[in-house]
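Undergrad: Below are the chains, spelled out letter by letter.
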Amino acid sequence: TQLLEQSPQFLSIQEGENLTVYCNSSSVFSSLQWYRQEPGEGPVLLVTVVTGGEVKKLKRLTFQFGDARKDSSLHITAAQPGDTGLYLCAGASSGAGSYQLTFGKGTKLSVIP
Amino acid sequence: GAVVSQHPSRVICKSGTSVKIECRSLDFQATTMFWYRQFPKQSLMLMATSNEGSKATYEQGVEKDKFLINHASLTLSTLTVTSAHPEDSSFYICSAKRGPAYEQYFGPGTRLTVT
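Each protein sequence line maps, in turn, to chains C and L.
In this note's numbering, each number is its position in the first sequence, counted from 1, plus 12.
In this note's numbering, each number is its position in the second sequence, counted from 1, plus 4.
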C-alpha cells in the first residue's frame, strides 16, 4: 500500500507570509499532482509534476518534485486570503493501467487578512 | 478545458431507499472514471475505478453490491447507493481521466444525507 504523508495538517498564517507544504512517501510515483479544494466542492488541479527534480511555478506557487520522485513540496509566496483552502497532494501509480491516485490527508490553510 | 459535472449536488433520502449519482465529462471522453468518498475534514478515499464498457474495480472494503457503478459511455458514469443507511451519508466525488495522461479532473461532488 502506497502512503503519502502530508504536513503540516493545519496552517494558519498572516497575509503576506510565506509557507511550504510537504508531501512525502517511501514509494516512487509516476507523477504527483497538487489539488486545491474548497468546502463543498471537488478538488481543482493545480499542477502535475512528472520528472524527478522538476520545478513548476504557478504565479506565487512553486511546486517541486523530489529527485527520487518520492516527495514533493508546495511553496506559496506572500500568501493572500484567496489562497485559503485544503491543499491535497496525490501520487499517481500504474494499477492495471488505470493510474489511480493516492491522496495525502491534506493541509488546511487559513490566510488571515 | 476538462469539465466534469455531477448530479445531483445534494440529495436527502430515507433509509432503505436507493440513490443514483451521475458523473459526466462535458468536453472530453473519459475512458476511466473514479469514484471517491470524503468524510468531513478528511481526504478522499477511492471507492472504485470504472472503465467504459467493463465492470468496475472496487477497492478493498467497498461493497460492490451496495455501491453499483455503471460506465455505459465515454462521458457518463453512475454510482447507485442501494438500500442507503445513515452511515452512507457522505460527500461523493467522481473524477475522470482523459486518455493516458496522469491527471484526473474532479466533479463538484454530491452531498448525500440519509435520514
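FYI, nobody ran anything at the bench for these hints, they're computed from the structure.
Because the structure is a prediction, the values reported are computed rather than measured.
Treat the hints with care, as some may be off.
Some but not every residue of chain L turned toward chain C, in silico, with C-beta under 7 Å [said to hold, decoys possible]:
(1) P44
(2) E107
(3) G111
(4) T117
To be clear about the criterion: a stretch of chain C counts as covered by chain L if any three or more of its residues have a C-beta under 8 Å from a C-beta of chain L, and this derived list gives those stretches [said to hold, decoys possible]:
(5) 35-48
(6) 56-67
(7) 116-122
Beta carbons are placed, not taken as given, at the ideal position from N, Cα and C, and that holds for glycine.
Undergrad: It remains to establish, for every hint, whether it holds in the given structure.
TA: Quick rundown of the hints versus the structure:
{"no.": "1", "hint": "P44", "in the structure": "violated (10 Å)"}
{"no.": "2", "hint": "E107", "in the structure": "holds (5 Å)"}
{"no.": "3", "hint": "G111", "in the structure": "holds (5 Å)"}
{"no.": "4", "hint": "T117", "in the structure": "violated (13 Å)"}
{"no.": "5", "hint": "35-48", "in the structure": "holds (count 4)"}
{"no.": "6", "hint": "56-67", "in the structure": "holds (count 4)"}
{"no.": "7", "hint": "116-122", "in the structure": "holds (count 4)"}
The structure is inconsistent with the numbered hints 1, 4, although it conforms to all the rest.
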